[in-house]
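Same order as they appear, the protein sequences are chains A and B. Here the first sequence stands for residues 29 to 169, where the numbers follow our numbering. Here the second sequence stands for residues 6 to 146, where the numbers follow our numbering.
Heads up, none of these hints are tricks.
So the derived list for chain B, only partly shown, Cβ under 8 Å to chain A, looks like this:
id, residue
1, Leu76
2, Ala79
3, Pro82
4, Arg83
5, Ala97
6, Val98
Treat the hints as calculated values from the structure; they're not laboratory data. These figures come from a predicted structure and were not determined experimentally. Beta carbons: idealized from backbone N, C-alpha and C, even for Gly.
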Amino acid sequence: MGKINLSRVILGGLLAGVIFNISEGVLHTVVLRAQNEELMKALGKTTPTGGSVMTVWILLGFVWGIAAVWLYAAIRPRFGPGAATAARTGVVAWFFGCLLTSVVLTNMGLFPISPLELGWELVQDIVAVVAGAWLYKEAAA
Amino acid sequence: MSRVNFGRVLLGGILAGILINISEYLRYDVVMRGEFEEGLRALGRGLPKGAAVTTVWTLWGFALGIAAVWLYAAIRPRYGPGASTAVRAGLAVWFFTSLLAIIAMRAMGLFSISPVALVWTLVECVAATLAGAWLYRESEP
Chain A
29 MGKINLSRVI
39 LGGLLAGVIF
49 NISEGVLHTV
59 VLRAQNEELM
69 KALGKTTPTG
79 GSVMTVWILL
89 GFVWGIAAVW
99 LYAAIRPRFG
109 PGAATAARTG
119 VVAWFFGCLL
129 TSVVLTNMGL
139 FPISPLELGW
149 ELVQDIVAVV
159 AGAWLYKEAA
169 A
Chain B
6 MSRVNFGRVL
16 LGGILAGILI
26 NISEYLRYDV
36 VMRGEFEEGL
46 RALGRGLPKG
56 AAVTTVWTLW
66 GFALGIAAVW
76 LYAAIRPRYG
86 PGASTAVRAG
96 LAVWFFTSLL
106 AIIAMRAMGL
116 FSISPVALVW
126 TLVECVAATL
136 AGAWLYRESE
146 P
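All chains, please: the whole structure from these sequences, using the hints.
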């Protein structure tokens, strides 16, 4: 099997990260803003804002994107190149990163499960990985 | 390429899930109990207890274990069978499930980053995936 093309992982990951960051920004600062503020208030907190917090979120988005496209490249020899494998990768990244974390936070009594948030992030993760995978190229073995 | 052997993913995943559940019990109920209680108290919450909570944690551990061994099976054609591929899969699981969540919790101002939790979950994810992968078998193509 061929080796993973790391420069293409980074290129595709940056694109996936851009989509992830835009989508997360819209979700949390527009769509779920009021709900999130209410939930944080119930914990005696306010939603953190400011340059350093935003920087962490944005970097996190890009790191997520790069890791997700690496995951796509890693499972590609098993499932074949293309959108179906990228969509599968998006579901896997969502399962590990969103679904399991949401269950933890709910079981700790901190936040209720939000079907809207979970559904949004499922679509977001699939779209981001499909876009990132579209830039991923590998020399044929 | 050959298909993923789902029977063996389940078998390996259950073993991985047992290890994750033992490890999480030790982490939350023994090693980090004080820190965990204090963190929740600061948010106006108590330590979640009861059969329903324990059931969710247990199912969560098995879901994580099965998904981790599936990931090992998925990346096996890329990296080859064996321990180093299982370690890679465990690292990916830890990255998406623990590292990103711990950083996100910090960015939301809910919990501080705990080096013990980071290292504990890292070892837990890698060891559980290694054990589960040890049971995974696949017929040669």
